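Residue strings, one per chain:
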Amino acid sequence: MVKSPVPSGINIADLFNRGKEIYEEKLKGQLEPKYNGKYVAIEVDSGEHFIGETKNEASESGKERFPDKMFVIRRIGELEKISHHSFSPFSPCFL
Amino acid sequence: MIGYFDAEDGNPKVVLEIKGQHRSWKQIPALFDTGHSGSLSLPIMDLIEVGAKFSNIGEATYADGRSGVDYLFSIKVRFNGIEKKVEASMIQNPKVTMAIAGIKLFSPFISFIDFKNGKLEFMKEGDFKKLLRKKK
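Going line by line, the protein sequences match chains A and B. First residue of the first sequence: 1, per the numbering used here; consecutive thereafter. First residue of the second sequence: 1, per the numbering used here; consecutive thereafter.
Hint data in this document are derived by calculation from the structure and do not stem from the laboratory. Please read these numbers as outputs of a predicted model, since none were measured by experiment. Cβ atoms here follow ideal geometry from the backbone N, Cα and C, with glycine treated the same way. Certain hints may be false.
[To be verified] With a cut-off of at most 30 Å between alpha-carbon atoms, the simulated BS3-like pairs for lysine-lysine come out as follows:
| no. | chain 1 | residue 1 | chain 2 | residue 2 |
| --- | --- | --- | --- | --- |
| 1 | A | Lys38 | B | Lys136 |
| 2 | A | Lys38 | B | Lys76 |
| 3 | B | Lys19 | A | Lys34 |
| 4 | A | Lys81 | B | Lys130 |
| 5 | B | Lys95 | A | Lys20 |
| 6 | B | Lys124 | A | Lys69 |
| 7 | A | Lys38 | B | Lys84 |
| 8 | A | Lys26 | B | Lys104 |
| 9 | A | Lys20 | B | Lys26 |
| 10 | A | Lys63 | B | Lys134 |
| 11 | B | Lys136 | A | Lys81 |
| 12 | B | Lys76 | A | Lys20 |
| 13 | A | Lys63 | B | Lys53 |
| 14 | A | Lys69 | B | Lys119 |
| 15 | B | Lys119 | A | Lys34 |
| 16 | B | Lys124 | A | Lys28 |
| 17 | B | Lys130 | B | Lys119 |
| 18 | B | Lys135 | A | Lys38 |
| 19 | B | Lys130 | A | Lys69 |
| 20 | A | Lys28 | B | Lys104 |
| 21 | B | Lys19 | A | Lys81 |
| 22 | A | Lys69 | A | Lys34 |
| 23 | A | Lys63 | A | Lys28 |
| 24 | B | Lys26 | A | Lys34 |
| 25 | B | Lys84 | A | Lys63 |
| 26 | A | Lys38 | B | Lys134 |
| 27 | A | Lys38 | B | Lys124 |
| 28 | A | Lys63 | B | Lys95 |
| 29 | B | Lys130 | A | Lys63 |
| 30 | B | Lys104 | A | Lys69 |
| 31 | B | Lys84 | A | Lys81 |
| 32 | B | Lys119 | A | Lys28 |
| 33 | B | Lys119 | A | Lys20 |
| 34 | B | Lys53 | A | Lys20 |
| 35 | B | Lys136 | A | Lys26 |
| 36 | B | Lys134 | A | Lys69 |
[Claimed, not checked] According to the in silico footprint, chain B covers these stretches of chain A (three or more CB under 8 Å from chain B):
| no. | region |
| --- | --- |
| 37 | 41-51 |
| 38 | 62-75 |
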């Protein structure tokens with residue numbers, strides 16, 4: 001049987017929204033502007049966060065403490081800019 | 001590093017090797033995009049082919065101005081004699097088959113883009129300083 005890559009019981013949308021909420025309500029004021037440009041990995045159940053120079057660095061320091069958890073990672077300050085489009089089944093490229 | 005301007009579409013590209021949970025490395029061309037502030041975005045098929053592990057979720061701003069979920073996969077990347085572990089973003093549009101390499105991936109290097117002659121070069125800071133000393 002193929003094992004799902006998503007840990008059981010994890011709802012991506014819920015995890016994303018909780019991570020976003022923790023950042024906006026608790027971490028933003030604490031981390032910006034001092035750590036702008038670095039990355040933060042948020043463990044949403046405990047609310048703990050881990051900072052790194054890259055997404056990988058932030059994730060790895062979080063996984064040392066919570067090896068089985070999935071983190072919500074974002075750039076501190078301005079969000080990372082990705083040069084491709086977000087997914088939408090209604091965007092012209094899918095029609 | 002192998003950097004070049006693609007004769008077909010005129011875009012600057014680099015050749016990378018990527019590895020997920022599978023044993024073998026896969027060589028891929030990637031668009032060199034200075035407007036991408038992340039490290040690497042990979043098409044779904046490349047992620048599947050190398051057995052990349054879905055590791056985390058991120059938040060990012062996309063080219064269409066929307067911000068949203070960024071699906072992150074743990075992979076290793078090899079280029080120019082270095083190996084890096086990165087959290088690669090998944091390109092969610094299944095019609096996009098070209099990887100996109102952003103500025104964060106190339107942070108140890110200095111890049112020269114010669115638009116006139118269609119050349120793309122990368123070198124380490126130390127080598128760049130040596131080159132400047134020679135020219136003086």
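Going back to the hint list, which numbers does this structure go against?
Per hint list: 1, 3, 4, 6, 9, 10, 11, 14, 15, 16, 18, 19, 24, 26, 28, 29, 32, 33, 35, 36, 37 violated.
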